[in-house]
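Student: Below, each chain spelled out in residue letters.
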Amino acid sequence: MSGKASALLLAPARWRRWEYALWAAIWAAPIVFTSHAALINEIAIFGLFALSLDLILGYTGIVSLGHAAFFGVGGYAAALFAKHVMPDPLVGLAVGTVLAAVLGALTSPMIVRGTDLTRLMVTMGVALVLLELANKFDSITGGADGLPGVMMGPLLGQFTFDLGARVASFYSLAVLFVAFLILRRVVNSPLGLSLKALRDNRLRVMAIGLSVNFRLALIYTLAAALAGAAGALSAQTTGSATLDLLEFHRSADVMLALVLGGTGWLWGGPIGAIAFSVLRDLLSSFTPQYWTFWIGLFLVVLMLVGRERLFRPWTWFKRSGS
Amino acid sequence: MSEVVLETFGLVKRFGGITATNNVSMKVTKGARHALIGPNGAGKTTLINQLTGVLPPSEGRVQLRGRDITSLTPYKRVGLGLVRTFQINQLFASLTPLQSLALAVSSRLDAARRWWQPMGSDSVIGAECEQLLAQFRLSEHADRVTRELPYGKRRLLEIALAVAQKPSVLLLDEPAAGVPAAERRDILDTVAALPDDVSVVLIEHDMDLVFSFAKRMTVLVNGTVLTEGTPQEIAADPQVRAVYLGETKVNHG
Amino acid sequence: MLTLLFDGIAYGMLLFVLSLGLAVTMGLMNFINLAHGAFAMAGGYILVVLMQKAGWPFLACLPAAFLITALAGALLERTLYRPMYGKPHLDQVLFSIGLTLMAVASVDYIMGSSQQNIQLPDWLRQRFEFGSGATMLGMGAYRLFIVATCVAMALGLQAILSGTRFGSRLRAAVDDPRVAAGLGIPVNRVFLLTFAVGSGLAGLGGALGADIFGLDPNFPLKYMVYFLIVCAVGGTSSITGPLVAALVLGIADVFGKYYVPKLGAFIVYALMIAILLWRPQGLFSREGKK
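Protein chains in written order, with this note's numbering: chain S, 1 to 322; chain V, 1001 to 1253; chain H, 2001 to 2290.
I should point out that these hints are in silico values taken from the structure, not numbers from a laboratory.
Predicted model, so just to flag it, every value in this text is computed and none were measured.
Treat the hints loosely; a few may be bogus.
Unchecked claim - The calculated EDC-like cross-link candidates involving lysine to aspartate or glutamate, where the alpha carbons are at most 16 Å apart (straight line), are:
| no. | chain 1 | residue 1 | chain 2 | residue 2 |
| --- | --- | --- | --- | --- |
| 1 | S | K136 | S | D244 |
| 2 | H | K2222 | H | D2211 |
| 3 | V | K1030 | V | D1196 |
| 4 | S | K4 | V | E1140 |
| 5 | V | K1215 | V | D1186 |
| 6 | V | K1027 | V | E1228 |
| 7 | H | K2087 | S | D138 |
| 8 | V | K1030 | V | E1059 |
| 9 | V | K1027 | V | E1007 |
| 10 | H | K2222 | S | D116 |
| 11 | H | K2222 | H | D2108 |
| 12 | H | K2262 | S | D138 |
| 13 | S | K136 | S | D253 |
| 14 | V | K1166 | V | D1110 |
| 15 | V | K1027 | V | E1003 |
| 16 | V | K1166 | V | E1140 |
| 17 | V | K1076 | V | D1110 |
| 18 | S | K4 | V | E1228 |
| 19 | S | K4 | V | D1143 |
| 20 | V | K1215 | V | D1196 |
| 21 | H | K2087 | S | D244 |
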């Protein structure tokens, strides 16, 4: 019997075989589909962004419609850093990540109290405020036209960003992979378990002597940092930073992608990013002008039948409540 | 007279026009087996909520081993050894009993903020969890998700989580509530088996449990302490009988 | 400056009428309905269609906008919204965003994407001026009409709420739906009627204010934030809460856009964040609601 408990506790942390396979496939993608490297880059960045939202939405249960705030801060920080200080990508990435984390830490007290509506409004409000500020200080940010002329130096001093986006796609995938590995350790650690517990029952978390506020602040800051990293990658690999980084549709898109991939498990972000891009491409090719209608319809139907059913095709034709 | 571990001074709690707790001063000594009884709505749970910090009192003080904890946040009180169970189970529905206990033990050992090592890599925690699971007869259910457990087992887990913190003062809020008769025995046994140096305050309606367990009783009516004393004194007190008999009369009426 | 104040009040009253339905839906059914703006948009387009295609007078279009959107609301409540009660807020948010996207795309398809031209009747285009110089108060007849109508609606609703049986049922259901149901109050019917009236009010507000807001298919996306701000700041458990919040928002927005044109909206959002930090449950909410 001894050691049995430890073995049971350790079980969820083990990598499943299909995870190795999936990562192998993901890493193979930019090599196999060289002509689609730009798209792969975009999906990798989007996957990282969605992964960061999962920390807030899936692991803590906070509905945030303003996650683009961190994405935008990371993007603008990295772009401005490259333009005015130093064009090294990795340092710029660090700057974007850190600044977004700072914003996350500063705004985390806002999400601790209040109702779901309050949190929704406050998160949206922060993104809106930043959007207005970026618009107002267009001498620094380039305003609606965007920040021009962001030239990135070579990655690790060796790999120059090519127009074909090959280097970019590997760069973004690498960052996504590192983030995934780190989060995997965190999620299966005692801290990670306490975060899962937080989602279940806040009162009980307090009652076993753990600080709820600390955990909420920590995870929000971590989520902000990763979103900032995604934003920095976006600015660096596209060589531009526009107001679009902060727009509401970014927050809404990433939420939809995460829902498609499934909240509360780390693969939801990356898989959701792939699914969302596929869905959007499919719909746009059918109805280029009104594809938002079909996305809307898809959302309505999906929510009515229940989000979880998306992952259980055998329930698609049964009545709900079984 | 042994050492006082938990004490309240003139505790008052008002909600708008209602005074739920009215000038309650009580002492709990080390190793106490102290029962808190009273009719429904007497304010027992409200009092517990103030002791644990979930509800701030309108007036008065709470002291733990001589230290004023009136404005101390709830999770820190647990760190000082003041632990409670809830009348309605407050559990982690999607975690297994093993995981829940592991978290509670990690919290006590200040290991809950470890973020790099996987949960389970510390064998000390694993061993303690096994021991707790056995003590509370949850071993066969160790790996089942809590929401799938039968009610009686969940109630045991509720108490197990509290014991996992090695409390010095344990507040049990109706531990046997709603538990089917067949499983009540388990609950009663675990309550009786609590270590002698732990001070226990028990809220219960089951008078058999109360009288077999308690060495001291406080009777709370309408938020006020009616009387306090040994179980024999309380049983013989005409005021107490009036309160309970009066209640029974209403029930039959 | 007085003119600005008056304009702000008119804008605020309009926002109040538009947001009231949303506030009650949230307070009563605990449902975050981001599609509320679409009902307002519907009201505006109904006005346009009736006036321009059917030649109806302006005044007649207003009750029509109310009734048609109320009916649409009732229909949608019964069929689509009802299964969503009790689902997590995330699902409700995504569901209503989906409805909004469908509405926006449909209107774009049917009516085109350019902003609609509202031909106000002559009697509403007059302007009254009192005083002169800095303290001049200029009141357009249109805005006066808006204020008058909204005040009348507010008073009427207050009377219904406190004077009728439906009103007391509604208040009971908002307080505690389970207890209300246990008392025999037909909670489903109360929900249906309330949602219908709330949507109707949105439609009326959309028609009434179409000229001020500017009517195009993106209307819901542009203005939904404002309605949400009114509900979050004003709280969802009273009528006075959203009223005060709407007035503050309206005045702040008008003043902001006039004095600090590039940062106008920023002031509103920053103010909202500040208020919500100070009072997370809203300015007038009772403590302890979920």
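Student: Each hint needs a verdict: does it hold in this structure or not?
Tutor: Now for the hints, and whether the structure bears them out:
1. For the hint linking K136/S to D244/S, the alpha-carbon distance of about 14 Å falls within 16 Å, and the restraint holds.
2. Restraint check for K2222/H and D2211/H: the C-alpha separation of about 15 Å stays at or below 16 Å, so the hint holds.
3. Our distance criterion of 16 Å between C-alpha atoms is met by K1030/V and D1196/V, whose separation comes to about 9 Å.
4. Restraint check for K4/S and E1140/V: the C-alpha separation of about 12 Å stays at or below 16 Å, so the hint holds.
5. The suggested pairing of K1215/V with D1186/V is violated, with an alpha-carbon distance near 21 Å, which exceeds 16 Å.
6. Under the criterion of a C-alpha separation no larger than 16 Å, the hint pairing K1027/V with E1228/V is consistent with the structure, at around 10 Å.
7. The suggested pairing of K2087/H with D138/S is violated, with an alpha-carbon distance near 42 Å, which exceeds 16 Å.
8. A distance of roughly 25 Å separates the Cα atoms of K1030/V and E1059/V; the hinted pair therefore is violated under the 16 Å criterion.
9. Distance restraint check for K1027/V and E1007/V: the Cα-Cα separation of roughly 4 Å lies within the 16 Å cut-off, and the hinted pair is therefore satisfied.
10. Between K2222/H and D116/S the CA atoms are separated by roughly 22 Å; this puts the pair beyond 16 Å, and the hint is violated.
11. A threshold of 16 Å between alpha carbons decides the hint, and for K2222/H with D2108/H the separation of about 15 Å falls inside it, so the pair holds.
12. A distance of roughly 11 Å separates the Cα atoms of K2262/H and D138/S; the hinted pair therefore holds under the 16 Å criterion.
13. Our distance criterion of 16 Å between C-alpha atoms is broken by K136/S and D253/S, whose separation comes to about 25 Å.
14. Distance restraint check for K1166/V and D1110/V: the Cα-Cα separation of roughly 13 Å lies within the 16 Å cut-off, and the hinted pair is therefore satisfied.
15. Restraint check: the Cα-Cα separation between K1027/V and E1003/V comes to about 10 Å, which is no more than 16 Å; the hinted pair holds.
16. About 23 Å separates the Cα atoms of K1166/V and E1140/V, which puts this hinted pair outside 16 Å; it is violated.
17. At most 16 Å may separate the alpha-carbon atoms for a hinted pair to count; K1076/V and D1110/V meet this at roughly 12 Å.
18. Using a Cα cut-off of 16 Å, the hinted pair K4/S and E1228/V is violated, with the two alpha carbons roughly 48 Å apart.
19. About 11 Å separates the Cα atoms of K4/S and D1143/V, which keeps this hinted pair within 16 Å; it holds.
20. Proposed proximity of K1215/V and D1196/V is supported: the alpha carbons are some 13 Å apart, at most 16 Å.
21. Our distance criterion of 16 Å between C-alpha atoms is broken by K2087/H and D244/S, whose separation comes to about 32 Å.
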